Amino acid sequence: MEIPYIVNPRKDTGLINSKIAIWLFLASEVMLFGGFFSAYVYLRLGADYPWPERTLPVLPGLINTFILIGSSVTVVFAWVALKLGNWRQFQVYMGITVACAAIFMVLKGIEYNVKFHHQAARLHDYTVVEGHLGYELKDGADTHHPKGGDYVLDRNGKKIEENMIRVVAEKVTFAVKRFHAPWVNEMLAEAEHAKSEIKLAADIKAVTEEGKEPVTLAKAGEPLSLELLEKIKKQQLDALEYNAALRTDALRMEWKETKDANPGKRGWQLASDVNIDMDALAPRLLTEISTVEFTVNPPTRLLFKPRDIKESPTSSRLRDDTVIAGAMEASPMVFHNLDAIDFQWLVMKAKEKGISPETAIANSWLMKNSEFVREAWAWHLARNVKKQEVLNQRFGFSQDGKTPQQTLTHKELYRLGWKDLGEMGVETKGVKIGGVAKIKEEFMGPNYNARGEKTFPHLSVPREEIRHAAKFSPAWNTYYAIYFTITGLHGLHVIGGALVLLYYLVFGRKMFLSDPEWLANRVEVGGLFWHFVDLVWIFAFPIFYLM
Amino acid sequence: MSAHAAAPTGHDHSHDDHHHDPGFWKKYVFSTDHKWIGMQYGITAMLFLAFGFYLMMVMRWSIAYPHEPLPEWMSWIFTDNWKARWLQDGKVTGETYNMFGAMHGTIMVFLGIVPLGFGAFGNYVTPLQIGAVDMAFPKLNMVSYWVYLVGGLIMCASFFMESGAAKSGWTNYSPLAGFADGQIVNQWLAGQTQWLLGLVMLITSSLLGSVNFITTIINLRARGMTWMRLPFFVWAMLVTGFLLLLAFPPLEAAGIMQLMDRVAHSSFFMPSGLFTKSEGLADLSGGGSPLLFQHLFWFLGHPEVYVLLLPAIACVAEIIPANTRKPLWGYKSMVYSLLILGFLSFIVWAHHMYMTGMGAAVSTFFQTTTVLISIPSVIIITALLISLWGGSIRFTPPMLWACAFIPMFGIGGLTGLPLAFNLVGLHLHDTYYVIGHFHYVVAPGILFGLFAGVYHWYPKITGRYMSTFLSHVHFWPSLVCMNIIFFPMLTQGMAGFHRRWYNGGDAYLDKATAATADGANVFANTVAQNIDLNIVMSYGAWILAIAQIPFIINLFCSWKTGRKVESDNPWNATTLEWATPTPPPHGNFTFDVAVYRGPYEYSRPDCDKDYFPQWEAPKKPGGEAMDESADKSHH
Amino acid sequence: MADSIEAIQKAKKTYLMVFGALLVGTVLTVLVATVPALDVGSHGFDIYDAILGLIIATTKSTLVAAIFMHLNHEKKLIYWVFFGAIFFFFAMGALFALSESSPIYDTFFYK
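Residue numbers (my numbering), protein chains in the order written: chain A, 1 to 547; chain B, 1 to 635; chain C, 1 to 111.
FYI, nobody ran anything at the bench for these hints, they're computed from the structure. Be a bit skeptical, because a hint or two may be false.
[To be verified] Counterexamples of contact, computed for chain B against chain A with all Cβ distances above 12 angstroms:
1. I43
2. L47
3. L300
4. F365
5. L372
6. I379
7. F395
8. V424
9. G504
10. L555
11. S558
12. F591
[To be verified] Derived CB-CB ranges, DEER-like:
13. C:S101 <-> A:H124: 22 to 32 angstroms
14. B:M228 <-> C:Y79: 15 to 25 angstroms
15. A:E517 <-> B:D283: 17 to 27 angstroms
16. C:S101 <-> A:K353: 22 to 32 angstroms
17. B:D283 <-> A:K159: 21 to 31 angstroms
18. B:W227 <-> C:Y48: 41 to 51 angstroms
19. C:V35 <-> B:W227: 15 to 25 angstroms
[What the hints assert, rightly or not] Simulated pairs of lysine to aspartate or glutamate, DMTMM-like, Cα-Cα distance not exceeding 25 angstroms:
20. A:K310 <-> B:D283
21. C:K10 <-> A:E517
22. C:K12 <-> A:D515
23. B:K91 <-> A:D515
24. A:K11 <-> B:D283
These numbers come from a predicted model, not from an experiment. Every residue, glycine too, gets a C-beta built ideally from N, C-alpha and C.
Input sequences plus hints: build the corresponding full structure.
Next comes the structure, spelled out in structure tokens:
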């Protein structure tokens, strides 16, 4: 059996199978990326927060655009080389194409990595601060220039990021049905490290067989272990299972009797009269143990990621319903380097309420609590006046002679980004950096090491002031969410396309020798996909980097 | 696709599969033969359909008898552990009902009917009808089946996980679906996430499938098989392929975004300031839009309706001419209607969203397109109806189902018309009326069409007929029960019964006074007047279940014991699949296929038989007809 | 498809020219977005900048599609498939945007 039109086109359609297929596939890709781009438009039009326009460093995106366009040309040239029957040239061009894909992905990886290490937080008054989180320092360590030995290390010898919720656990109560085993192990290891013991608070007695006396499953003081929890869980599940069967049978019986006694009546008319006789059933039931309590002695500090815990001053709840009784320590989010102060959102909210932006900013937590922010904001306001003057010179005023034709944007007015802070450092504190450090900044964002504490200062935000915090990840806002989703998916396409092209490069020789036209067709099809990937990027680049 | 194509001209030195035994695994499990893949799709899809049916029975029990424990004949399938976890004193809980409801819809639509209609019939019949040796990409075809199976199993496996399966409706609306299973620490192991993973795999599968189908239909047609000689079935598959190709990706986008919402905690579909019972004030950025999900979902959702429907219509359109012995009436207008239907189905989606607060202008646009799309569907159904006129009808088993399809689908379609209007939509939205409407389309409509297809092509697949007696035992109770189940839904819906009541309206009864159905609470009275229909519908469902048993017996027993076919063309039909040996071998045709005429040449006066197959050369060799086919050739 | 060797050699030149045009387009799109003197519309980013950026991007992508992907001389069938998808993409995006920006009440009555 032979599938026709694999190499030579069918006469009436003029096409080979794989060419039709790739165009169909591209059509569906148009709809896939179309779905995402439509989502972008929809999210941006409907955004109820200041959309972060022109926020990414342009340089990496620009270089990646060049690379992708270049690879698009080389892949065409590789195809041309095959059409001319030149294997060597094909290898060269295809090699460059695949190399371009690799460079593209490396750059992408660097971009992602920078963002994943950049923290942002929105306070309750809608002020946004951005910067670089530090690691917890020992008491009395030099907060400005910490050395290796100044850091607090966790039990694995790793530095602890200053974004953790700290709870001094006195009692831990597990939900028997669904404690999360890795967290239990974590607690055990933490306790061992702190030389404290987690012990069962009270005897656990349970009826494990119908009609028998309760059995002691575990005695008070038994140390916490996964085995112990599993044992109690098993008892709980067995009891649930057994009791459920009993109750179901009892309910069936009740229904049967009620129905026999009331012929012709509907179920909903009888339902209120049908109840399980719990008194009769109670002696037969097994004991259900839904929670089990352990004491931690001496009380031990446990660290949790904010997302895993609903914290409160005396008793916190983990996502798996484990309750931790004990005082919550101050768990501030500590920016060792603050690199942006953003009042755009705060001003937006203030205007909605009819409050003047100046009042709202002056009353914000940040202005009240940070000397640096007050100083920086004063500098910012002064500079904005100058900027407005420049605009006035260029565009002039409207007919009344007072209203400027063009005004500063919302972003310029109410956001102090890292570039602005850098300028301020240069102007007011004389912190200049040059050459490589500066180029690195264009690429990777603020260069904390080079500019240092004076430009990007230390800021500690109390936990209760924070409304929402995240890295510059999809969790931060819908802009980053759609950015990561589209570029991530595009990246996967780059990888997929490059693998296919690499396959032709490495294993195409045999195909080439049997029929160059065959390989040329294949490369054309692979190339079409590659161009499409380029095409998506041509739109993604301006939309995410320049708009 | 493979080394088969090593030589540009083909046939000479590639190995010939007829003479090699490829071994058990290659032949039956990882087969690349479109016919066997079609069978795999068919069997898998029917198993999923049975499972979806079972879920429905549990739900119907919960609706009709919300206070009574699930009876043993229904609950034996669960382990005690599962029952203890998901039933309360043996009764179905709201959560469990939601889970079953969501999975019933998902399984029936994505795992049952699409794979049965498009995957099974499409795969088996399409290459045969166009005279091709196989699909254009046989290995891709195999991959799409396996991706579908794995996706489906992932979805169903979540029933047995800590979280249970997805519970947010088959439409999976955010923010509900974004938060569901929030208590599961590893979100990858939550049923709701598994649903998304499964869905992405299913979409990938149907994407590969549709690329394959369209390429096959465009490029692998036999000599002389011009576009207007394509059987209607093939046309329907072509349009279905395009719908899958272009409508599914936006849902894939939505699925990926919801996946991001769940595992990366983004807020694509999460509005600002969201407060939920389980999470409190959500720790999310907000700023997203739940409506965006609905738009993306229904951009797929409406074309999906036609993805379900077209294969069924396609089967019926093949069966009616063969059993009336006259040509399909208005073949060309049917084809054009089909194309218009396919086009319009992309721009009607927001009629599912009249209640979301769209502006009047947008609502009116979608209302207009929705009313417009009824025109091509009515043309198709009318053409099928007129095809019966004046025919000498043989009421063979497939014909019974095909004939039942027309009025049943008609009810489904006509009950949909009121829903096209946004004012009526305000009243009927999310009521049982909607459920009744689309179940009329899908269950007695589409499923009947597909049953017809099974009975029609069974002799070609196995070489034996299915038992006529058993098929009657299957057909008549099914027809009656379908109406018993779905007609009361229309009544209940107009009375205001909401589609997501797990207790069938019991909670709204005014217990103190409603015993007389005459209390002061008006809505409670309305509920009391209609609530007993729940019990009627339940009995309909139980009997419908029993009525499927003869089908299952018939399907398996006739394979070995059925009456043997007398020839390769037992129905005396005209299309190319009947020109193959029975069952068709790998590579399908034993002669060089050429097509000389349209697909439905029945009772031609100039022909001594009452059918003139597409592949039979005209009497005078070398005559005009021969030239006609030859100039369309490709060799 | 260019099949003769001369035609292919000629096409190579076209490809290089397109490459140049794409590079220029890319630089241009960055310049209009970052250099204040080239800013269109009012100061800062606004709808005119968005339109200009999209026009440049569309031009670039048209070049890629027409020359690199050979859409300037392709079979009709492929035009139908690809441009059909692009049409539905636009329909989808436009209707999304429309329904987002169109409120439930009629602005004529509620001003």
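Results for each hint:
| no. | hint | result |
| --- | --- | --- |
| 1 | I43 | 24 angstroms, holds |
| 2 | L47 | 28 angstroms, holds |
| 3 | L300 | 9 angstroms, violated |
| 4 | F365 | 17 angstroms, holds |
| 5 | L372 | 22 angstroms, holds |
| 6 | I379 | 27 angstroms, holds |
| 7 | F395 | 38 angstroms, holds |
| 8 | V424 | 27 angstroms, holds |
| 9 | G504 | 9 angstroms, violated |
| 10 | L555 | 29 angstroms, holds |
| 11 | S558 | 29 angstroms, holds |
| 12 | F591 | 14 angstroms, holds |
| 13 | C:S101 <-> A:H124: 22 to 32 angstroms | 31 angstroms, holds |
| 14 | B:M228 <-> C:Y79: 15 to 25 angstroms | 21 angstroms, holds |
| 15 | A:E517 <-> B:D283: 17 to 27 angstroms | 59 angstroms, violated |
| 16 | C:S101 <-> A:K353: 22 to 32 angstroms | 24 angstroms, holds |
| 17 | B:D283 <-> A:K159: 21 to 31 angstroms | 25 angstroms, holds |
| 18 | B:W227 <-> C:Y48: 41 to 51 angstroms | 47 angstroms, holds |
| 19 | C:V35 <-> B:W227: 15 to 25 angstroms | 55 angstroms, violated |
| 20 | A:K310 <-> B:D283 | 10 angstroms, holds |
| 21 | C:K10 <-> A:E517 | 19 angstroms, holds |
| 22 | C:K12 <-> A:D515 | 23 angstroms, holds |
| 23 | B:K91 <-> A:D515 | 69 angstroms, violated |
| 24 | A:K11 <-> B:D283 | 61 angstroms, violated |
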